[in-house]
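Participant: Based on the sequences and whatever the hints tell you, model everything.
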Amino acid sequence: MILSLVAFAVVALITPFATRPLGRRVFPVIALVPTVVFAWLLTLVPAVANGEVVVERLEWIPTLDIALSFRLDPLSLLLALVVTGVGGLVLLYCTWYFRDDEPSLDRFAALLLAFSGVMLGLVTADDVYVMFTFWEATSVLSYLLIGHTAGRREARGAALQALTVTTFGGLAMLVGLVVLTVAGGTTSLHELVTQPVTGVAAEVGVALVLVGAISKSALVPFHFWLPAAMAAPTPVSAYLHAAAMVKAGVYLVALLAPGYADLAVWPPIVIGIGAFTMLVGGWRALRQTDLKLLLAYGTVSQLGFMVLVIGQGTRDAALAGTVLLLAHALFKAPLFLTVGIVDHAAGTRDKRKLSGLGRRMPWLAAFATLAAASMAGLPPLLGFVAKEAVFTAQFEGGAEGDAWAWVGLTAVVVGSIFTFAYSARFVWGAFGSRREAEPTPLHREPALMTAVPAVLAVTSLVAAFATSLIEPLLDAYAATLPGPTAYHLALWHGLEPALAISALIIGVGSLLVWQRESVARLQAAVPDAVDAGRGYLRIVSAIDRGAARLTTFIQSGGLPGYLAVIVAVFVLGLGGSAALNGTWPGGIRLADGPAQPFVAVVMVAAASAAVVVRQRLTAVLLVGATGYGMVLLFGVSGAPDLALTQALVETLTIVVVVLVLRRLPRRITVRRAVVRTPVRIALGALAGVVMAVVGVVALGARVQPSVAEGIPALAEEAHAKNLVNALLVDLRAWDTLGEISVLVAVATGVASLIFVSGRQGGAPRLEDVGRRSRLRPVPEQADSIRAARRRLADVEGETDAAAEAAATRQTWLLAGRTLSPRNRSILLEVLVRLLFHPAIVVSVFLLFVGHNAPGGGFAGGLVAGLALVARYLAGGRYELGEAAPVDAGLLLGTGLFVAAGTAASSLLVGLTVFESSWFETEVPVLGTLSIGTSTLFDIGVYLVVVGLVLDILRTLGAEIDRQIDEAGPDAVPADPAEALR
Amino acid sequence: MTASLTLVIVAAVLFGTGITVMLERSLTRVLIGFLLVGNGVNLFLFVMAGEPGLAPILGEGDVSELSDPLPQAFVLTAIVINLGITAFMLALIYRSWWLAQLGERGDLIGDEEEIVEDAEETADLYRSSEADDLAVQEVLDASDEDGGRP
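From first to last, the protein sequence lines are chains B and H.
The first sequence: position 662 = 662 (this note's numbering), numbered continuously.
The second sequence: position 9 = 9 (this note's numbering), numbered continuously.
Derived by calculation from the structure, the hints in this document are not laboratory data.
Where is the CB? At the ideal position from N, CA and C, for every residue including glycine.
Be aware that one or more of the hints could be misleading.
Unchecked claim - Here are the computed distance ranges between Cβ atoms for each label pair:
1. Leu42/B / Thr122/H: 22 to 28 Å
2. His488/B / Glu138/H: 47 to 53 Å
3. Val200/B / Glu117/H: 48 to 54 Å
Unchecked claim - To spell it out: a stretch of chain H is covered by chain B in this simulated footprint if at least three of its residues, at any positions, have a beta carbon under 8 Å from a beta carbon of chain B; those stretches are:
4. 55 to 65
5. 72 to 79
Facilitator: Structural data, given as structure tokens:
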């Protein structure tokens, strides 16, 4: 079982590749898969009919009790035989149906084969969720197959309709299945049926599952998707929409009937809707001029028929229903295939345009008539056998006082009269000759193409005489339902009510055919009671419009609008709960020490000014003022590490912001605001107030001792005196690892945003100036400076010596000469030259001393970064490359690797992740040096921070410089409207 | 535990002004707002340490007199991450301004006109799928004996 499913999957996967060389000849090859499986299944029939059950099981998600379990019982085997048997034949038929130049034939062949396998999985799966997975997969494959000719609007629309309707039903079914499996405590379909769930859970669960079943089997009110699906190629219609997929719903009803047919929700849905569907489908089929649509509505009718019979819940009805299912597959598939041949030969399938085909395609006409006769319920065909069984089962059920059986019988009789009439209409429409019309021009189709419908139609005939071979299998399923077991399938049961009913149907049906023009007039006079198709259109269009309107309504404000909503929720929610709480702090201090209020006043003023200032740089500097205010606050409040870090970061931030903002106009243009200014200010003020209240309350609400009290002991254990550093690199190292990962991601993101092609590498090197043609040569080289000076000297009488002296400036910084003289500052160059190396030493010192004194990897890395900033500012982008001739990505990666490696290395020596070990030694000058794994970790942090700064500099600094050089300093962005065009 | 009113007020002002600036449409202003909010939130975290004491370094004094180091560790990483995010936002601004050649528009967050455009595009999509459905209906109606009555 599982093996055959794997075979389907594997062959379907290689089919596209095989189709390219083989063309349509791939079909007979892949048809072998279902055919072989069909043959194997046939060999199982006697054993399964005798009550043996084939079970296969692979554990899949044991914690959810979901397993790939498959079970071949009589019902599954019947369906599996239909699926593989018809599947093989339809694939074979495709050989002649398609031409080699059919677009996306490879995809089609693979999908059709895959569908066949998925369908097999659906009818054999025993696990509820595995079955559901296959169920949904058939919906998706049906979508793809209906939409095969994606260029046609109706194909796209029909594919989407089918998908929407069946997945809607599928969702309802999933909920139902969850209800049933939870209530039943098992995911096995077999167990759910043999030990049925009872009570409300059963009613609700089964009702929902039935919604899925009737949507899949195209029962009212979901029936409209099936006629629409006729936009698919005919083999798809014959297979998916007649023989296989639409039977899934019938299968599910048959599967559940033994356990749940006596529920209160069962008969109204199964018999009520089934009966109505049978009538609606038959009525509409009688009006179709397109032969394929005639068959489609006929299929809708027959599906209702099957569901209502199988759902009756007695042994006789189950036997009748299953033989009907088999008969339907045997007559409906060949009829569709016939339409395919007619369509190909005549170029139309409109009955008004077809004339005189019967005489010229006698064999096809004969086989199609045979199949149609089976559909109409004429003896001696399987359709007749099935209907006899149905009538008897319903008649007996009714006689025993089952009112629903009478409802079913009435619908079946009227529906069968329609069926007789539209069967005749089909045969007449396809093969009749119209006196007024010329014979339709035909071109010949391969004779073998007729063989496929012929095989199926003849089987309808043969099977009617071989009921004794079929019955044991069907009866093995039917016997699971209650009721007398005396009835057997046969062509002749003697003079029984069923025979009389058959006679009545044939008689009235013939009358309808004879009086077809009056019938058509009558039909035209009766208004459409249900037009679910239009109803669907209205619903879908209303949903679409509603969604569009809702989206426009919700997304009305752009980002500021959403932010405003978030802040408003914050103010109302958090502010509300803060106002309602009862734990106000016992007291409050005005300030800690005399410095705080002074700093505070400056910060408040700077922040307020930043709100109103329109110059970008001024605003940034004002924000910087608040940042330096933070430094002071941290400094006077016992947080030297924070003060140090904040000071370094604030400086870096200002530099970086200025680097980018130099490319933007100084003033920020005021645009029509999305959030109006008073609202903005009110929201901001409220947010601030709420934040303050929440902060005070949160602090006042603390009743437990702070965890801080335990930290000194832990830090001592970690050989650290600096508690903050111990937290960062040891006690909470996981956090820090996460944070440096963020830094790496951010640095990579920044580089990716700015470098148009490739972000690898470091800052540009000096040798690049000459080598890379991509880099525009720097405007004024040292030579030309000298030349310029000389010219000046000529004018102003300056000596050559002075010009020479000017040229030697280059020696202070390596790349200073790449800058134009007006951008150079000798003072800066000298200072940087003098301070760079000490700064690097300090940064390393901070890194190592951080364990015991303020400092650490973050601060050390930032100092090194600032040193690089200084080199870049003084010497330009080539100077940066000379100062740090490494790939920024390499630094970041190494840093992260060192940090994560340190964390993981503990595992090697049998410790847990991040558990530290140390190596302590006395070092002259530095004192006791304790090198532990946490120090290594800190080195990783240091490298990441340096890498981040270097990446920012080479990106927002050097790369933007290069782009300015390329565009020219006075370039303006193109007209935005033009750029968008 | 109690809070220093001064610090709370400063933090609230930073947070409030930051939010006010962030609600503007210019990306540069959003960045400025972000910096202010970042400082404000860091200060709040810091306030959570309660009354400040000595620097949290062993050997500086009695252990009970040290400041709570935990908020400090949080704030320290937050400061560095703020730097990274700032750089990222700057890269975004630069990219939309220069590389995407959007100019002033690159500094602006979408406005109502664009939303109307979006809504129209969406409506077009829906119209297209509706046309598909109508095509299906046409095919079905065409097959009906009397051409499908309205």
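Participant: Take the hints in turn and mark each one as holding or not.
Facilitator: Verification of the supplied hints:
no., hint, verdict
1, Leu42/B / Thr122/H: 22 to 28 Å, "violated, 54 Å"
2, His488/B / Glu138/H: 47 to 53 Å, "holds, 49 Å"
3, Val200/B / Glu117/H: 48 to 54 Å, "holds, 51 Å"
4, 55 to 65, "holds (count 6)"
5, 72 to 79, "holds (count 6)"
Violated hints amount to a single one, hint 1; each of the other numbered hints is respected by the structure.
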